[in-house]
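K.L.:
Between the sequences and the hints, there should be enough to build the whole structure, so can you do that?
2 protein chains.
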Amino acid sequence: MRADARCLVCHMNQALRVFDKYMRSEEEKWERLKNVMVVLQKAKWGMKPIEIAEVLYPALEEMVNARDVYEQEKRRSNEMAEKMLRKFGEIIKSSMDPLYDAAKLAIAGNLIDLGTPNWNEDSVYKKISEILQKPFGINDYEVFKEELSRSSSILYIVDNAGEIVFDRFFIEVMKEYNEDIDVVVAAKSKPIINDATVLEAAEIMEGVAEVIDSGMTIPGTIVERGSDRFRKLFFNSDIVVSKGQGNFEGIVGESGGNVYFLLTVKCDVVSDFLKVPVGSMVFMKKKE
Amino acid sequence: MRADARCLVCHMNQALRVFDKYMRSEEEKWERLKNVMVVLQKAKWGMKPIEIAEVLYPALEEMVNARDVYEQEKRRSNEMAEKMLRKFGEIIKSSMDPLYDAAKLAIAGNLIDLGTPNWNEDSVYKKISEILQKPFGINDYEVFKEELSRSSSILYIVDNAGEIVFDRFFIEVMKEYNEDIDVVVAAKSKPIINDATVLEAAEIMEGVAEVIDSGMTIPGTIVERGSDRFRKLFFNSDIVVSKGQGNFEGIVGESGGNVYFLLTVKCDVVSDFLKVPVGSMVFMKKKE
Chain H
129 MRADARCLVC
139 HMNQALRVFD
149 KYMRSEEEKW
159 ERLKNVMVVL
169 QKAKWGMKPI
179 EIAEVLYPAL
189 EEMVNARDVY
199 EQEKRRSNEM
209 AEKMLRKFGE
219 IIKSSMDPLY
229 DAAKLAIAGN
239 LIDLGTPNWN
249 EDSVYKKISE
259 ILQKPFGIND
269 YEVFKEELSR
279 SSSILYIVDN
289 AGEIVFDRFF
299 IEVMKEYNED
309 IDVVVAAKSK
319 PIINDATVLE
329 AAEIMEGVAE
339 VIDSGMTIPG
349 TIVERGSDRF
359 RKLFFNSDIV
369 VSKGQGNFEG
379 IVGESGGNVY
389 FLLTVKCDVV
399 SDFLKVPVGS
409 MVFMKKKE
Chain Y
129 MRADARCLVC
139 HMNQALRVFD
149 KYMRSEEEKW
159 ERLKNVMVVL
169 QKAKWGMKPI
179 EIAEVLYPAL
189 EEMVNARDVY
199 EQEKRRSNEM
209 AEKMLRKFGE
219 IIKSSMDPLY
229 DAAKLAIAGN
239 LIDLGTPNWN
249 EDSVYKKISE
259 ILQKPFGIND
269 YEVFKEELSR
279 SSSILYIVDN
289 AGEIVFDRFF
299 IEVMKEYNED
309 IDVVVAAKSK
319 PIINDATVLE
329 AAEIMEGVAE
339 VIDSGMTIPG
349 TIVERGSDRF
359 RKLFFNSDIV
369 VSKGQGNFEG
379 IVGESGGNVY
389 FLLTVKCDVV
399 SDFLKVPVGS
409 MVFMKKKE
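Protein chains in written order, with the numbering used here: chain H, 129 to 416; chain Y, 129 to 416.
Among these hints, one or two may not hold up.
[As the list claims (entries may be wrong)] Quick list of in silico lysine-lysine cross-link-like pairs, BS3-like style, CA-CA up to 30 Å:
{"#": "1", "chain 1": "H", "residue 1": "K162", "chain 2": "Y", "residue 2": "K176"}
{"#": "2", "chain 1": "H", "residue 1": "K176", "chain 2": "Y", "residue 2": "K149"}
{"#": "3", "chain 1": "Y", "residue 1": "K394", "chain 2": "Y", "residue 2": "K170"}
{"#": "4", "chain 1": "Y", "residue 1": "K162", "chain 2": "H", "residue 2": "K172"}
{"#": "5", "chain 1": "H", "residue 1": "K172", "chain 2": "Y", "residue 2": "K170"}
{"#": "6", "chain 1": "Y", "residue 1": "K149", "chain 2": "Y", "residue 2": "K211"}
{"#": "7", "chain 1": "Y", "residue 1": "K149", "chain 2": "H", "residue 2": "K403"}
{"#": "8", "chain 1": "H", "residue 1": "K162", "chain 2": "Y", "residue 2": "K162"}
{"#": "9", "chain 1": "H", "residue 1": "K149", "chain 2": "Y", "residue 2": "K394"}
{"#": "10", "chain 1": "H", "residue 1": "K221", "chain 2": "H", "residue 2": "K262"}
{"#": "11", "chain 1": "Y", "residue 1": "K211", "chain 2": "H", "residue 2": "K176"}
{"#": "12", "chain 1": "H", "residue 1": "K394", "chain 2": "Y", "residue 2": "K149"}
{"#": "13", "chain 1": "H", "residue 1": "K255", "chain 2": "Y", "residue 2": "K394"}
{"#": "14", "chain 1": "Y", "residue 1": "K172", "chain 2": "Y", "residue 2": "K162"}
{"#": "15", "chain 1": "Y", "residue 1": "K170", "chain 2": "H", "residue 2": "K162"}
{"#": "16", "chain 1": "H", "residue 1": "K149", "chain 2": "Y", "residue 2": "K170"}
{"#": "17", "chain 1": "Y", "residue 1": "K394", "chain 2": "H", "residue 2": "K394"}
{"#": "18", "chain 1": "H", "residue 1": "K414", "chain 2": "H", "residue 2": "K176"}
{"#": "19", "chain 1": "H", "residue 1": "K176", "chain 2": "H", "residue 2": "K415"}
{"#": "20", "chain 1": "H", "residue 1": "K149", "chain 2": "Y", "residue 2": "K403"}
{"#": "21", "chain 1": "H", "residue 1": "K403", "chain 2": "H", "residue 2": "K254"}
{"#": "22", "chain 1": "H", "residue 1": "K172", "chain 2": "Y", "residue 2": "K211"}
{"#": "23", "chain 1": "Y", "residue 1": "K403", "chain 2": "H", "residue 2": "K170"}
{"#": "24", "chain 1": "Y", "residue 1": "K149", "chain 2": "H", "residue 2": "K170"}
Please keep in mind that the hints were generated in silico from the structure rather than gathered at the bench.
P.N.:
This is the structure:
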């Protein structure tokens, strides 16, 4: 999926959020944002949005002198998600269709920013409860369910911290639905925005799934850049689950791989592309 | 009022709106927005937001090859405002306090973009009716009313097209309240964004007030840059009425002039400065 001019503005807003976290001086933010505009000159037409991030974030890390700018938020997100799972897990497991509800929880986790500092458990609980009532904007769940029943291998490409706790739960429910499946989880090589890294993912997924390094240092997935193991699994697994916008942006134009995209639509650019409103939850099988 | 980093991002969004109006090619918008980022390097820390516009808009006009980028929208806004005035004018004139309601209508006109192409009369009527029910976020109206009763000269600095029709109505009501006042209206020298120019203002104000050229080519007012006549009136009129954010940004730090600001708060930067939420209607006397 190609980035457009709105993505340039979005990345400036992302830079501002990082500056707000690390800088007190308004003048410093002003000057640094002008530096960002110089850095963004390197973004070429035809790039994917995640490739703009690849241009921007290394420069941002240098500007704020931090290697993992959302470290705290990621930890906080995982803690909040574990708390939520204690509330929602049993309800979902005893629901009419636990697989459906677990998928929805995993997508809901992609919609809300679990690491927002001043959120409390009650407001997050309320928010997730509301989201779970909403229908999918694009819904290929039934096809997925049928395929899952006769599959033996899944590659599960995770996205952000926080939601990864719900991903683990969804994987557990998939395994209960079909005991014969083997799930491998792929996560980023190193910190980028609030994406779960391979180290963070390994901790969360312990005892549930093997975790591999996707080879990605961008906030999404471009298959040809993947590690050997990743590419092999991408093209040969019975099912590939791709979580979130970043992975979607990179994979949607890929030929090959039996991919299901599970995401929430977070911006106008993806909304225009998928023709569903911002905020929509999407469970979509990739066209060949 | 000093611009901060958010104002740089806002001006990029403003550029995008102009490009969306004049360009079909997404690639052209992308490349031009990168040009805008180069142009914005000239914006210096300490500038007012309206001075960023002064850097940006001449470059934009060149990029889209137009001298008056919102010409159509301004005309459409004036037409819509005239229609609304036919609906609201008599009601306001027979209300408990026509001066108060006319001031509110003039501020309401600053809040809504009357030139939005696909708005119809009904939706605009509904919107204005709602706004007229809202209280002011900052309210120095009683002080104004008292001062008005013993004043003889008013300088009225207008802002956008559309709302200027409501400004004319407010001036008429002020003159009915105090028949001894002489009102001079100041408008921009030439087209900038959707601000009313001196030529456009003269047409609207015919028979109601003299219109002068403020000397401004920016979307707001910086008094020291004003024409001789403007500066003389600014410092010597009994009351100065300043409409909108752009005039507010430039005048609020000025010493001298008995200024009342009538505006709606349209962005986070002004909201932070005035400590009232975005969307608030403000009727505020300038501190000395």
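K.L.:
Now tell me if each hint is right for this structure.
P.N.:
Cross-check of the supplied hints:
The suggested pairing of K162(H) with K176(Y) holds, with an alpha-carbon distance near 16 Å, which does not exceed 30 Å. Between K176(H) and K149(Y) the alpha-carbon distance is near 24 Å, which keeps this suggested pair within the 30 Å criterion. Only pairs whose Cα atoms come within 30 Å are accepted, and K394(Y) paired with K170(Y) is accepted, the gap being roughly 25 Å. At roughly 10 Å between alpha-carbon atoms, K162(Y) and K172(H) fall within 30 Å of each other, so this suggested pair holds.
At roughly 23 Å between alpha-carbon atoms, K172(H) and K170(Y) fall within 30 Å of each other, so this suggested pair holds. With a C-alpha separation of about 25 Å, the suggested pair K149(Y) and K211(Y) falls inside the 30 Å cut-off, and the hint holds. Between K149(Y) and K403(H), the direct Cα distance comes to roughly 22 Å. Compliance with the 30 Å bound is thereby established for this hinted pair. Taking the CA atoms of K162(H) and K162(Y), the gap is about 12 Å. The hint holds against a cut of 30 Å.
Taking the CA atoms of K149(H) and K394(Y), the gap is near 24 Å; set against the 30 Å cutoff, the hint holds. Distance hint between K221(H) and K262(H) is fulfilled; the C-alpha atoms sit about 19 Å from each other, no more than 30 Å. Of the supplied pair hints, the one linking K211(Y) and K176(H) is violated, its CA atoms being roughly 46 Å apart against a limit of 30 Å. Proximity of K394(H) to K149(Y) is assessed by CA-CA distance (about 24 Å); at most 30 Å being required, the pair is judged to hold.
Annotation: proposed proximity of K255(H) to K394(Y) holds, straight-line Cα distance about 28 Å (limit 30 Å). Simply put, K172(Y) and K162(Y) have alpha-carbon atoms about 18 Å apart, close enough for the 30 Å limit, and the pair holds. For a cut-off of 30 Å, the pair hint linking K170(Y) to K162(H) stands: about 9 Å separates their Cα positions. The hinted pair formed by K149(H) and K170(Y) meets the criterion: a straight-line CA distance of about 26 Å does not exceed 30 Å.
The hinted pair formed by K394(Y) and K394(H) meets the criterion: a straight-line CA distance of about 24 Å does not exceed 30 Å. A hinted pair counts as satisfied when its Cα atoms are at most 30 Å apart, and K414(H) with K176(H) qualifies at roughly 18 Å. Between K176(H) and K415(H) the alpha-carbon distance is near 19 Å, which keeps this suggested pair within the 30 Å criterion. Under the criterion of a C-alpha separation no larger than 30 Å, the hint pairing K149(H) with K403(Y) is consistent with the structure, at around 22 Å.
A distance of roughly 28 Å separates the Cα atoms of K403(H) and K254(H); the hinted pair therefore holds under the 30 Å criterion. With a CA separation close to 47 Å, the supplied pair K172(H) and K211(Y) exceeds the 30 Å bound. Our distance criterion of 30 Å between C-alpha atoms is broken by K403(Y) and K170(H), whose separation comes to about 38 Å. Annotation: proposed proximity of K149(Y) to K170(H) holds, straight-line Cα distance about 26 Å (limit 30 Å).
Violated hints, in rising order: 11, 22 and 23; the structure is consistent with all others.
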